[in-house]
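Residue numbers (numbering that gives the first Met the number 0), protein chains in the order written: chain A, 0 to 334; chain P, 0 to 334.
FYI, nobody ran anything at the bench for these hints, they're computed from the structure. Computed from a prediction, not measured in an experiment: that's the story for all the values here. Note that CB positions come from ideal geometry on N, CA and C, so glycine has one too.
Computed, partial: chain A to chain P, Cβ under 10 Å:
1) P94
2) D115
3) A126
4) H209
Beta-carbon label-pair distances, calculated as ranges:
5) A:D75 - P:S194: 19 to 27 Å
6) A:A228 - P:D254: 49 to 57 Å
7) P:R23 - A:E21: 48 to 56 Å
Number of protein chains: 2
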Amino acid sequence: MNVERPPPRGVALAGFGVYLPERRVPSEELDSLFGTPPGWVERATGVRERRWVRDETTEQMAACAARRALVAADVDPDDVGLVIAASASPRQLIPCTAVFVQRELGLREGGSACFDVDATCLSWLVALDLAALLVDAGRHRAILVVTCETASCSLNPREPESAGLFGDAAVATVVTRSRGAASAIGCPSFETHSSGANLAEFVGAGTRHHPNDSATRAEMNMFHMQGKALVKMARRIVPPFLDRYFTATGSSRCDYGVVVPHQASRLGVGALTERFGFTPAQVVSNLATRGNCIAASIPLAFAEAVEAGRIARGDRVLLLGSGAGVTLGAMDLVY
Amino acid sequence: MNVERPPPRGVALAGFGVYLPERRVPSEELDSLFGTPPGWVERATGVRERRWVRDETTEQMAACAARRALVAADVDPDDVGLVIAASASPRQLIPCTAVFVQRELGLREGGSACFDVDATCLSWLVALDLAALLVDAGRHRAILVVTCETASCSLNPREPESAGLFGDAAVATVVTRSRGAASAIGCPSFETHSSGANLAEFVGAGTRHHPNDSATRAEMNMFHMQGKALVKMARRIVPPFLDRYFTATGSSRCDYGVVVPHQASRLGVGALTERFGFTPAQVVSNLATRGNCIAASIPLAFAEAVEAGRIARGDRVLLLGSGAGVTLGAMDLVY
Chain A
0 MNVERPPPRG VALAGFGVYL PERRVPSEEL DSLFGTPPGW VERATGVRER
50 RWVRDETTEQ MAACAARRAL VAADVDPDDV GLVIAASASP RQLIPCTAVF
100 VQRELGLREG GSACFDVDAT CLSWLVALDL AALLVDAGRH RAILVVTCET
150 ASCSLNPREP ESAGLFGDAA VATVVTRSRG AASAIGCPSF ETHSSGANLA
200 EFVGAGTRHH PNDSATRAEM NMFHMQGKAL VKMARRIVPP FLDRYFTATG
250 SSRCDYGVVV PHQASRLGVG ALTERFGFTP AQVVSNLATR GNCIAASIPL
300 AFAEAVEAGR IARGDRVLLL GSGAGVTLGA MDLVY
Chain P
0 MNVERPPPRG VALAGFGVYL PERRVPSEEL DSLFGTPPGW VERATGVRER
50 RWVRDETTEQ MAACAARRAL VAADVDPDDV GLVIAASASP RQLIPCTAVF
100 VQRELGLREG GSACFDVDAT CLSWLVALDL AALLVDAGRH RAILVVTCET
150 ASCSLNPREP ESAGLFGDAA VATVVTRSRG AASAIGCPSF ETHSSGANLA
200 EFVGAGTRHH PNDSATRAEM NMFHMQGKAL VKMARRIVPP FLDRYFTATG
250 SSRCDYGVVV PHQASRLGVG ALTERFGFTP AQVVSNLATR GNCIAASIPL
300 AFAEAVEAGR IARGDRVLLL GSGAGVTLGA MDLVY
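Chain A on its own, in the form it takes in the complex:
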């Protein structure tokens, strides 16, 4: 556990932009697809509908979200000094996805640097932390963090409990210096428990099971999750993580009007109020309508809570999540 004790940095989430694929996929459609009884997918996952891409590409979705975020943040594209793509579903292996976002957006050649960050479901949270550090260090006036997840092409219909859980989405955020006095990003904490590395995996698309290796089977290029084991592990490791976090930051659960968690699963989000000490009034969830959108989940739930008026400028927000690894993450910010 490494928590930054200095005062939060005077850095702001200046704006969000969201792109949701047009295609709505109701859970009944998945019951037909998976061969599960009517109502099974919604009951098992807590997801009523999710969006899946039809023909949208990663860079189109990402660039659309980015344009909206730049407008929302009132930031000139020429002021973007860095594009970080933060997701677990890249466009391709080489070059990194951020390069294609720069190109699709038509950002000035050489005007920004591009790299990708991957911590699976926590990719956006890690990228936000790095962006805040870089802006605080005076390196860039504005950083674009783009998270575009297309989960739908990697789901295994033979594992309906996880295949029914995921949705596609792109969310972009612009990080700048705080303009008002209030906004701040601080107190991030991440820790990885790699004994759980095999509990949520996509074992293909790398050196271990290369796409051209004749021994690579189709299921290796699909997402596989041991949901029950993950929940069991989370129940064990999250409470001491939270205790350490609140001790180190000198805060407590009631300091946060809003908690935006990763929309890991029905049990995962439910545990926050049933086991981990938060109240239902604090916890934001869009799982029923969006599903688990991997790294796009936290920023999507955040953006929708802002849109709905549930989070306003100056509000103190706790971002919380877990991701494949198993990695836990928490971040305290003033929106």
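Please arrange chain P on chain A, whose structure you already have, making use of the hints.
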């Protein structure tokens, strides 16, 4: 161009660790493999031999390099607060490679966070910059940056000029606060010119050409490079990049005893002395014996120069590179 003007951070590259696969692949062997005339591969690439994995896995190579780096840096594994895996050849899509390095090393559960950074050939340089920022911000006592590249499984024998160029290697580095007064890491600069995004590509293993998409062909899961176009682009964009870098940092070519460039290609390394104003005495190259090891190239050349006594503690070193994107990067450090 965004150059950090404040004084370099009091952060050190505390130690390197290298793992090279045992299998040596002389260029004559590749002439037989590719069907090129004897001597062709070495003449075309400037690479006499390179290492290719036989059965070493990504996490084995990475962990071996990491153990050596921790010993070299005299850092207790329990002090590692963050593992960053920085490469363009991940172990698998989910979870990120750093998780498997934590597990293979036997680092304490929850004692460190794990994420991956990808900027293709510049992944290590970007990760080093981020690690320096994080150590400087007081977030971690020690950060392990691990770069493990297995290029050999993704080469296209029908493109012998690029297939003959690449080698496999793992390099780990430990970043800590400076112990002596001298060591510092500072003045990084990166810029991406995405009009060159298609000049070096591996178009598979993502959403664009998913491994399970029946339209995905084997060549899409191989590396493809337009070498001549890349060289042409580099000749155009590197000189103004260097001019801006030296102007912004107030330094000049002769301030650096040693320049460690990415071992992009014979022409790429050669251009530094033939076109870009450096002297042969400054430029480190291990291309002839290692090939282009993607993101492991810069740290491998650096580690070998330290081993050979060419770089000593207190020396000022310029790290320079280009990567798929096209991204250019430069960093000034005192070893």
